[in-house]
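Given chain A, work out where chains B and C should sit, using these hints.
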Amino acid sequence: MRRLVVIALCAALVLSVATRAVAAPAPLTPAEAVALALESDGAPATVHGEALGEALAAPGGKRWVNIGREGTAIGVVMTAEQAAEVPRFGLYRQRGATLEVSGVLNSACDEHGGDLDLHADTVSVLDEGGAIVDPLHPGKLWLAGASATIALALWARYRQLRRRRHLA
Amino acid sequence: MERSYSNPYRHWISGFLLEVAVFLGFLVALAALAFVVARLAG
Amino acid sequence: MREVRAIAHYLGILIVGLAMTMLIPLATALALGEWEPAIDYVLGIAIACAIGLALALADITSPSISHRQALMISALAWLSAAVIGAIPLAFSGNYPTFIDAVFDSMSGFTTSGLTVAVDLDHMAASHNMWRHLTHLIGGQGIIVAAVSLAIAIKGGAFSLYLAEGRDERILPNVVHTGRFIWFVTAIWVTVGTVMLTIINLVAGMDVVRSSLHAFWLTIAAFDTGGFGPHSQNVLYYHNPYLEGALLVLMLAGTVNFNLHADLFRGDRTEMFKNLEARTLAANIAVLVGFIAVSFSLGQLLATDWEIWRKGVFHIISANSGTGHQTVYAAQWSQFGGAGLIAVVLAMAFGGMVSSTAGGIKSLRIGMILYSVVLSAKKALSPPSAVVRMRFHHLVDRIVTPEIVASALTYFTLYMISYITGGLVGAGYGYEAGAAMFESVSAAANVGLSTGITSPTMPVGLKLFYIVQMWAGRLEYLSLIALAVALMLAIFRPRREQA
Numbered sequence: 001m002r003r004l005v006v007i008a009l010c011a012a013l014v015l016s017v018a019t020r021a022v023a024a025p026a027p028l029t030p031a032e033a034v035a036l037a038l039e040s041d042g043a044p045a046t047v048h049g050e051a052l053g054e055a056l057a058a059p060g061g062k063r064w065v066n067i068g069r070e071g072t073a074i075g076v077v078m079t080a081e082q083a084a085e086v087p088r089f090g091l092y093r094q095r096g097a098t099l100e101v102s103g104v105l106n107s108a109c110d111e112h113g114g115d116l117d118l119h120a121d122t123v124s125v126l127d128e129g130g131a132i133v134d135p136l137h138p139g140k141l142w143l144a145g146a147s148a149t150i151a152l153a154l155w156a157r158y159r160q161l162r163r164r165r166h167l168a
Numbered sequence: 001m002e003r004s005y006s007n008p009y010r011h012w013i014s015g016f017l018l019e020v021a022v023f024l025g026f027l028v029a030l031a032a033l034a035f036v037v038a039r040l041a042g
Numbered sequence: 001m002r003e004v005r006a007i008a009h010y011l012g013i014l015i016v017g018l019a020m021t022m023l024i025p026l027a028t029a030l031a032l033g034e035w036e037p038a039i040d041y042v043l044g045i046a047i048a049c050a051i052g053l054a055l056a057l058a059d060i061t062s063p064s065i066s067h068r069q070a071l072m073i074s075a076l077a078w079l080s081a082a083v084i085g086a087i088p089l090a091f092s093g094n095y096p097t098f099i100d101a102v103f104d105s106m107s108g109f110t111t112s113g114l115t116v117a118v119d120l121d122h123m124a125a126s127h128n129m130w131r132h133l134t135h136l137i138g139g140q141g142i143i144v145a146a147v148s149l150a151i152a153i154k155g156g157a158f159s160l161y162l163a164e165g166r167d168e169r170i171l172p173n174v175v176h177t178g179r180f181i182w183f184v185t186a187i188w189v190t191v192g193t194v195m196l197t198i199i200n201l202v203a204g205m206d207v208v209r210s211s212l213h214a215f216w217l218t219i220a221a222f223d224t225g226g227f228g229p230h231s232q233n234v235l236y237y238h239n240p241y242l243e244g245a246l247l248v249l250m251l252a253g254t255v256n257f258n259l260h261a262d263l264f265r266g267d268r269t270e271m272f273k274n275l276e277a278r279t280l281a282a283n284i285a286v287l288v289g290f291i292a293v294s295f296s297l298g299q300l301l302a303t304d305w306e307i308w309r310k311g312v313f314h315i316i317s318a319n320s321g322t323g324h325q326t327v328y329a330a331q332w333s334q335f336g337g338a339g340l341i342a343v344v345l346a347m348a349f350g351g352m353v354s355s356t357a358g359g360i361k362s363l364r365i366g367m368i369l370y371s372v373v374l375s376a377k378k379a380l381s382p383p384s385a386v387v388r389m390r391f392h393h394l395v396d397r398i399v400t401p402e403i404v405a406s407a408l409t410y411f412t413l414y415m416i417s418y419i420t421g422g423l424v425g426a427g428y429g430y431e432a433g434a435a436m437f438e439s440v441s442a443a444a445n446v447g448l449s450t451g452i453t454s455p456t457m458p459v460g461l462k463l464f465y466i467v468q469m470w471a472g473r474l475e476y477l478s479l480i481a482l483a484v485a486l487m488l489a490i491f492r493p494r495r496e497q498a
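Protein chains in written order, with the numbering used here: chain A, 1 to 168; chain B, 1 to 42; chain C, 1 to 498.
Hint data in this document are derived by calculation from the structure and do not stem from the laboratory.
Mixed in with the good hints, there may be bad ones.
To give a feel for the contact side, a few chain C residues facing chain A, derived at Cβ under 10 Å [to be verified]:
(1) 19
(2) 27
(3) 128
(4) 202
(5) 306
(6) 458
(7) 460
Virtual Cβ for every residue (Gly too), placed ideally from N, Cα, C.
So here's chain A without its partners, still in its complex pose (with noise of 0.2 Å):
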């Protein structure tokens, strides 16, 4: 019986693992997506990506969520509940949630006027995100300071010179 319960439990274990690695592809960046859906439109995915700016108005009262990753960002189409539940999103000094969505690329969506893009059905926040510092750095200050004093000087003996000449 022991042993029976021992193997069951193996096998349930095994399939899971397996039907795991067979259904759910390995997470692209939004680049290798975009790649992907010129390749196959239609193709399933999973995506990590930054959520970038903020969840847009999409038809049938859906959300637009772009997430991006070294430069190239892809628009995710989700419902608004799905969007409710991104934390925070990319803007200057802040980093925004790190989102995993699955679901269908399209490379030409008949649906949202031909914008490449990725129909969600599940999404995941991997990451909240958070504050970006944007620190001060001193030798800038000196810089400026330096270089509006030899401005401040130029001005001056411009002037000086102008009215001498009397051009005022």
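Same frame as chain A, but now just chains B and C:
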């Protein structure tokens, strides 16, 4: 025929609205053209 | 030597004027609490003022200048603006090297719109403000800006104006013409910004972002520049209403300022009689036809809605020289052969003269076509017959050999630039079609990209495109004047001091 240099600020509101109308009209005409051509081709 | 001093003086004054425009991004930074960028702009202003004043001191008498000197100042003004404008961007952290910052700066001022910015989606609002503002400054012509603000260029004003390539006779007084151009711009930019702000608010953007993005996209479209605040350019918004509004702004931006003046005066006939307007309209219509065929045969972008949003949008974006893009660089292949050629031709032919558009310009295309017709007529007529052809551009004119020669000269200069750029791009290993596309985009100051333009692009190609954008905006003449002057100075130095 020399160009008149009369005041171009005079009718600017109606002029501006006319411009917008012309551009919108042009866009509509383009759309119509595109759709007709697409049907003829495909 | 005297000549160099005079040129340096006026250049210096323009640079100081440019420094003053940096107050706008500075104010933006302070208002939004972007402290590090604020320092970048203080730095930019200070350095620009220092350089500008140093140059202005070369000759404080504000001497009168010749037409040739005006051409040289014009050429150097654009180059100086690109370098000076790059300073705050170079400190922003969004540009790995100074050359990258100069690239975007030149792209901005020449209303091209190609970009090598890194991490654009996290760029500070003040830096984006500056990037887009360069479109407005460059679009209105750095020199027109200076003239209309009545910066002290006594005696030099009219020469500089012509050197800019403007030949409006909107108002007899050059300063008044400059002010009128700003008036038209102000109306369009205000209306555009309000409309886009509303569209953005409805789409779900917050008030600050809605209005900033609205302003930036408006000036990018009206000044046919093409920058956008996000890495996906206009595709970020996925918004057909936004795209529609931008289309109207692009058309407005590519219209000759003389036509704006006529319509504002209440003269409706000019728009329809004008050879330029007719040629541009016909050009766009033919190319839209081609792209519609290409799309519907290609099956991928085959619905009417897609033909409109991806086809018509990009033809107008290309022809007006704007460069706003709603497809990824890799997606141009979806357009099909005819579609892609249509886009390239749209870019190459360009918009109207006396507008912010680039390219060969529709007036010249029209004149060349008319001259072909004229030649045919002459060939078919008896040898003794006098054959003349009339056309209308602001006034009634006749197709003369001089006019045709001028049009063909510019046509040739642009073609040389397009082809050379294509060869250079291909020489760097890029695919020939993409290299041609990118070359035309740079030389015609459009800004659509096949992906060649990127931060990782070879430095040599970056420099080449910078020169191409610069040369295209100047329509080559000022640059030739500068090159000739330099060569004369080097190879035939004057023996006595003037």
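Against the structure, the hints:
1. The closest approach between the C-beta of residue 19 of chain C and any C-beta of chain A is roughly 9 Å, which is under the 10 Å cut-off, so the hint is satisfied.
2. The beta carbon of residue 27 of chain C comes no nearer than 16 Å to any beta carbon in chain A, farther than 10 Å, and the hint placing it at the interface is violated.
3. Using the Cβ-Cβ criterion of 10 Å, the hint placing residue 128 of chain C at the interface with chain A is satisfied: the shortest such distance is roughly 9 Å.
4. For residue 202 of chain C, the suggested interface contact is upheld, since its CB lies about 7 Å from the closest CB of chain A, less than 10 Å.
5. For residue 306 of chain C, the interface hint holds, the least distance from its beta-carbon to any beta-carbon of chain A being 4 Å, beneath 10 Å.
6. The beta carbon of residue 458 of chain C comes no nearer than 18 Å to any beta carbon in chain A, farther than 10 Å, and the hint placing it at the interface is violated.
7. Against a cut-off of 10 Å between C-beta atoms, the interface hint on residue 460 of chain C is violated, since the closest Cβ of chain A lies about 22 Å away.
Taken one by one, the earlier hints fail for this structure at numbers 2, 6, 7, listed in ascending order.
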